[in-house]
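Asks: The primary structure of each chain is shown beneath.
There are 4 protein chains.
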Amino acid sequence: MTHRIAILGASGYTGAELVRLIASHPSMEIVALSADRKADMAMAEVFPFLRHLPLPTLQKIDEIDFSQVDLCFCALPHATTQVVVSALPRDLKIVDLSADFRLRDVAEYEKWYGQPHTAPDLQAEAVYGLTEFYREDIRAGRLVAGTGCNAAAGQFALRPLISAGVIDLDSILIDLKAGVSGAGRSLKENLLHAELSGGTHTYSAGGKHRHLGEFDQEFSKIAGRPVHIQFTPHLLPMNRGILATTYVRGDAKEVHATLAKAYADEPFLQVLPFGTLPSTRDIAGSNYCHLGVIGDRIAGRAIVVSVLDNLTKGSSGQAIQNANLMLGIDETAGLLLAPMFP
Amino acid sequence: MTHRIAILGASGYTGAELVRLIASHPSMEIVALSADRKADMAMAEVFPFLRHLPLPTLQKIDEIDFSQVDLCFCALPHATTQVVVSALPRDLKIVDLSADFRLRDVAEYEKWYGQPHTAPDLQAEAVYGLTEFYREDIRAGRLVAGTGCNAAAGQFALRPLISAGVIDLDSILIDLKAGVSGAGRSLKENLLHAELSGGTHTYSAGGKHRHLGEFDQEFSKIAGRPVHIQFTPHLLPMNRGILATTYVRGDAKEVHATLAKAYADEPFLQVLPFGTLPSTRDIAGSNYCHLGVIGDRIAGRAIVVSVLDNLTKGSSGQAIQNANLMLGIDETAGLLLAPMFP
Amino acid sequence: MTHRIAILGASGYTGAELVRLIASHPSMEIVALSADRKADMAMAEVFPFLRHLPLPTLQKIDEIDFSQVDLCFCALPHATTQVVVSALPRDLKIVDLSADFRLRDVAEYEKWYGQPHTAPDLQAEAVYGLTEFYREDIRAGRLVAGTGCNAAAGQFALRPLISAGVIDLDSILIDLKAGVSGAGRSLKENLLHAELSGGTHTYSAGGKHRHLGEFDQEFSKIAGRPVHIQFTPHLLPMNRGILATTYVRGDAKEVHATLAKAYADEPFLQVLPFGTLPSTRDIAGSNYCHLGVIGDRIAGRAIVVSVLDNLTKGSSGQAIQNANLMLGIDETAGLLLAPMFP
Amino acid sequence: MTHRIAILGASGYTGAELVRLIASHPSMEIVALSADRKADMAMAEVFPFLRHLPLPTLQKIDEIDFSQVDLCFCALPHATTQVVVSALPRDLKIVDLSADFRLRDVAEYEKWYGQPHTAPDLQAEAVYGLTEFYREDIRAGRLVAGTGCNAAAGQFALRPLISAGVIDLDSILIDLKAGVSGAGRSLKENLLHAELSGGTHTYSAGGKHRHLGEFDQEFSKIAGRPVHIQFTPHLLPMNRGILATTYVRGDAKEVHATLAKAYADEPFLQVLPFGTLPSTRDIAGSNYCHLGVIGDRIAGRAIVVSVLDNLTKGSSGQAIQNANLMLGIDETAGLLLAPMFP
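Residue numbers (our numbering), protein chains in the order written: chain A, 1 to 342; chain B, 1 to 342; chain C, 1 to 342; chain D, 1 to 342.
Keep in mind that a hint or two might mislead.
Any copy will do: because identical chains look the same in the list, a pair fits if it lies in one copy or spans two.
Straight-line distance between alpha carbons at most 30 Å, and here's what the computed DSS-like set of lysine-lysine pairs gives [stated by the list, open to error]:
#1 Lys208 to Lys253
#2 Lys253 to Lys111
#3 Lys188 to Lys221
#4 Lys208 to Lys188
#5 Lys208 to Lys93
#6 Lys261 to Lys188
#7 Lys208 to Lys261
#8 Lys60 to Lys253
#9 Lys261 to Lys60
#10 Lys93 to Lys261
#11 Lys188 to Lys111
#12 Lys38 to Lys188
#13 Lys208 to Lys221
#14 Lys188 to Lys60
#15 Lys208 to Lys38
#16 Lys60 to Lys221
#17 Lys261 to Lys221
#18 Lys60 to Lys38
#19 Lys111 to Lys261
#20 Lys38 to Lys221
#21 Lys111 to Lys221
#22 Lys253 to Lys93
Simulated from the structure, these hints should not be mistaken for laboratory data. Please read all numbers here as calculations on a predicted model, not as lab measurements.
Please construct the entire structure, taking both the sequences and the accompanying hints into account.
Replies: See below:
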């Protein structure tokens, strides 16, 4: 059985990544692609790397007949998303890749995104889409909110540790290194090759990055009390990949054992042997997340390093993993592609 | 039915690329991997990006039981290859990725590779592996010699034009731009990131590049008289991809029409609309080759630009395409992965 | 004696490069910097790499008191430039880095730039700023038009050969590889790191690149008859540097001897030993141009490779070299910085 | 007056960087260059980017007449260095760039470098070369030991804070991002462009990096009690530059004020306005170090980010700064070059 798929916002990187992955999916067929400003263009004009695929012409959203769609991926900017999703049929299965439905508390949304939420009912309905931790809710969900890519990298490192109570909750620090595709196709001077290549800098430092809203929500929920971590992202001269260096206080071997046990049966979360740390090169283009743990020379301190591809496991791959659950098919369908190296 | 595959030389980039692609192949199973100096290591130690795959431990070649192998990919250095292949069972299907069996004339081999060929009988048996032009021979072949990656890029641009007689044979010039993975995992100062990134230079300029042996052999054969082209490769600060800018004298529209017709039914060779030229970004990681044609402002001169991924269509993808033919399965099996962008 | 310098268009890359170079100049002092949309900002806000320098605040052009300026560099976009320069004092020494005064024939300007020239009197007055070939005119000039960066790279390879009559004039072909800073700080999708890095493509192929106007003008003048070359530029994933591979018909040794003799006393033009070809890495950030010559395997064909830094010898360094001549100081003043490697 | 300079180990990156910088130095002349395995080669063969400079031919060390040398830079590997320096005249001024004389305690040297020190008398004589904090000792010194590049980046961020007692000494953490030239010209697979570009990974994590020996020595000395920090370096796909993200507990404004005051008169250490964080792009190729401070959202925690060029301020620029002091000339001579951007 083939599931009919629509992708809204197909002219951005996560939209294109959805198309790339679905091209290898055994039971999904793309029946509609939207891109408002590029409506009526062929996808091959917008993304020539997809020219070998038979794909529908780009449309405006209101031209799509959603009665012929089984599941809709929504890869639009935040704020726009809540308006668009509000106008979609209320029985349409939706996997959203924006930030609009990640935070359950509308006050938190307004705090981090600087504007009131206009669709609080949808926000209440939405399931948080970190697959490995919300499987049953996602399977039963209608509207699933994909996580932030950095938020995913950090949570894979930390959730089992907080659940198991093996680390101090008041001294968690994530120093994160992110590739530039996470910034999307935005036209900004500092994203130009001439300015970005060959150097690095922090961004949203000092506790301003919006994915902190997700960390706060999730970690506090697990711990049953407020947990606030430190989080400093850096932009690196690479296109894909996130490396999160997470500093915790706890026994390193216990930290490792806790992660290894938690992810023993997870197809995409791979815990390396104790003392081995991962590289972003080893997951590029794939849905895998590698995690490594090492002890610091200072006793009682451990370092967890997690890597994933922000466009795949961090957004579009995660979205398909969630869609697989929602459609009742094998969770790994279409997602077992090996990474690309070099 | 699953075909049992061995890969000799699995610790290099083309070996790893074979594993990456076979991981998505519907009917191939890897039963043996060799790497002499890394024998007894797990593939995941040599290439951590493959750690999610169940793979045989690396062996020495003489430890492999070839009676349990249906087809063997040989990804060893030239010169070594002829010694190794000579010692393999004479009924074993082999796809070789080295240069050892590409040139039919042993004198040409000695001229370009600087040493006599030690297995001229095998050389005589070998089929030249440019799939789209040697399909029937490959299907019937036992030993197929994969082409040079640059040689493939140039031949896709030129073979139909020479066949059709639409260009002048004495003024063909290829200015080629190559990514660094084509140089393999060799430890050379000029391949270090610190030295290669951020700049470009020529290599093997002035008619010294060994792939000229293939161009001479193939173009002269098609034309029925000696054809010698100019060929200047450049090394670029990118990992994958070849862009061949081919300058010919002939009518540009006729050149375009000739290529478009020749490749109309080819699944992997895509001719862009007249006047549109391709980018290496649009084929990275895939088995596709894009070709574009434009006329110069000087009447009677045309420019053909062809792009392919040196590790995929230029070597390991081509090798699997040939293996598919030799095994009697669908030529495109395992090779329809979309490129990765960005 | 210190010469008072103004830079119009200081918020672009060539403007910033002028500031970088003048910071080491023994007898130039920057007294005014303009950037219309960024007026009233400190230069350190626009270019933090210049924060250690005491520099004037950015102004609008009409706020500058040109009576206090000895020489003005104009680093504005073409078309804008002719309007701005028309309004400047007619006795002010100006080195222009735009395309507006490079072509002596207004019809050629209109042909290549798509609009009529509005200041033909200034165009007639302007001296073409290829320093090594127009020294006396530049020394006596008031308005000097810097060359295109690609145009400089190609002319250094070809002018002495055309003058000496050692090559065929009807089969000259330049295949050029350019770094991305040549495109300036323009906000275009294909200049984003995510899209440019890791790949290459042609641009303005087929005889459409505007620097052909300069090649036509200069080569025809030297030859005393029309000379039209082929010219195909490629954009490379590197920030600085141009490598021009120039294919000519002529005796390679004679080609080399002709260049070596022509540039024997030039401080910035370095001809490598016969058979050695240059790399862009070896001139990055400097005012040097390296040239190499090799013979092709086909007798009677030679390849000249020239490399320079588009922002230095290709624009801002050349501009300072010209300014030095116009101010009567040592031509090399401030320009002997070694390249930066790695 | 011109000072006669020898450079031992001129075929590595720090050796070449010394030559690049000295080329612009007003009062240093290079009279001898050594490179044992490349003796008798011209420097231009080893580093073509230096071909415009008149330089002595490479020699073996024992061929150099040190009676004609005023100051010797030693850019050799550790362990080799102590042997070589032991054999040099005992009145020769030496600036060493290796690790051999950085640690005052021979036991610490053996602990971090894995072998006993063979020249403990020289180790005792050596002055630690962090210029801004050891000026008087350096001025009077004969043998000055350049610091580790990472060690410099971290100390600039932390020394004044420890001195002033404004931070907690038991929770200091440096997460460092380093460009690849810091690894030198070593031929290792993971330093190849094909493997390093496009990704990132940690190295020497968990408290194993040797520069911790310097941190321990210096911070404990300042504090008057043992101070052990956490330090995790990451290798980034860029050639030059270090960005050290230093996490401390203390009042962010006080941290900023302390650094601003400490470095108010330092020509090379630039403290940015509170809340502004630096980029490695803004110091590339220069002797400047930029420092920024921001407060975390968690009260009482501050983040200090320091950036410098590992080859310049982190090694060869620092070495020249020290040499200037030892020779009694202006400390900034030859070191005021602006960074290169883009």
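Asks: Indicate, hint by hint, whether the structure satisfies it.
Replies: Hint by hint, here is what the structure shows:
1. Taking the shortest Cα distances, Lys208 and Lys253 sit within 30 Å of each other only across copies (17 Å), while inside one copy they are farther apart (32 Å).
2. For a Cα distance limit of 30 Å, the shortest separation of Lys253 from Lys111 across copies, 24 Å, qualifies, whereas the shortest one inside one copy, 38 Å, does not.
3. In this homomeric assembly, Lys188 and Lys221 never come within 30 Å of each other (Cα to Cα): the closest approach is 36 Å inside a single copy and 43 Å across copies.
4. For the homomeric pair Lys208 and Lys188, the shortest alpha-carbon distances inside one copy (20 Å) and between copies (28 Å) are both at most 30 Å.
5. Neither within a single protomer nor between protomers do Lys208 and Lys93 lie at most 30 Å apart by alpha-carbon distance, with minima of 32 Å and 50 Å respectively.
6. Proximity of Lys261 to Lys188 under the C-alpha cut-off of 30 Å is found in neither arrangement, the shortest distances being 43 Å within a copy and 35 Å between copies.
7. Proximity of Lys208 and Lys261 under a CA criterion of 30 Å is satisfied inter-copy only: 27 Å between copies versus 33 Å inside one chain copy.
8. In this assembly of identical chains, the alpha carbons of Lys60 and Lys253 never lie at most 30 Å apart, being 53 Å within a copy and 36 Å across copies at closest.
9. When the C-alpha separation of Lys261 and Lys60 is checked against a cutoff of 30 Å, the pair qualifies neither within a copy, at 47 Å, nor between copies, at 35 Å.
10. In the homo-oligomer, the alpha carbons of Lys93 and Lys261 never lie at most 30 Å apart, since the shortest distance is 33 Å inside one protomer and 44 Å across protomers.
11. Proximity of Lys188 and Lys111 under a CA criterion of 30 Å is satisfied intra-copy only: 25 Å inside one chain copy versus 32 Å between copies.
12. In this homomeric assembly, Lys38 and Lys188 come within 30 Å of each other (Cα to Cα) both inside a single copy, at 20 Å, and across copies, at 16 Å.
13. Proximity of Lys208 and Lys221 under a CA criterion of 30 Å is satisfied intra-copy only: 21 Å inside one chain copy versus 36 Å between copies.
14. Taking the shortest Cα distances, Lys188 and Lys60 sit within 30 Å of each other both inside one copy (26 Å) and across copies (23 Å).
15. Taking CA atoms no more than 30 Å apart as the test, Lys208 paired with Lys38 passes between copies only; the shortest distance there is 27 Å, against 33 Å inside one copy.
16. Taking the closest pair of Cα atoms, Lys60 and Lys221 never come within 30 Å of each other, the shortest separation being 39 Å inside a single copy and 53 Å across copies.
17. When the C-alpha separation of Lys261 and Lys221 is checked against a cutoff of 30 Å, the pair qualifies only within one copy, where the shortest distance is 21 Å, while the shortest distance between copies is 43 Å.
18. For a Cα distance limit of 30 Å, the shortest separation of Lys60 from Lys38 inside one copy, 8 Å, qualifies, whereas the shortest one across copies, 37 Å, does not.
19. Proximity of Lys111 and Lys261 under a CA criterion of 30 Å is satisfied in neither setting, with 36 Å inside one chain copy and 35 Å between copies.
20. For the homomeric pair Lys38 and Lys221, neither the shortest alpha-carbon distance inside one copy (41 Å) nor that between copies (47 Å) is at most 30 Å.
21. In this assembly of identical chains, the alpha carbons of Lys111 and Lys221 lie at most 30 Å apart only when taken from the same copy (18 Å versus 45 Å across copies).
22. In this assembly of identical chains, the alpha carbons of Lys253 and Lys93 never lie at most 30 Å apart, being 42 Å within a copy and 49 Å across copies at closest.
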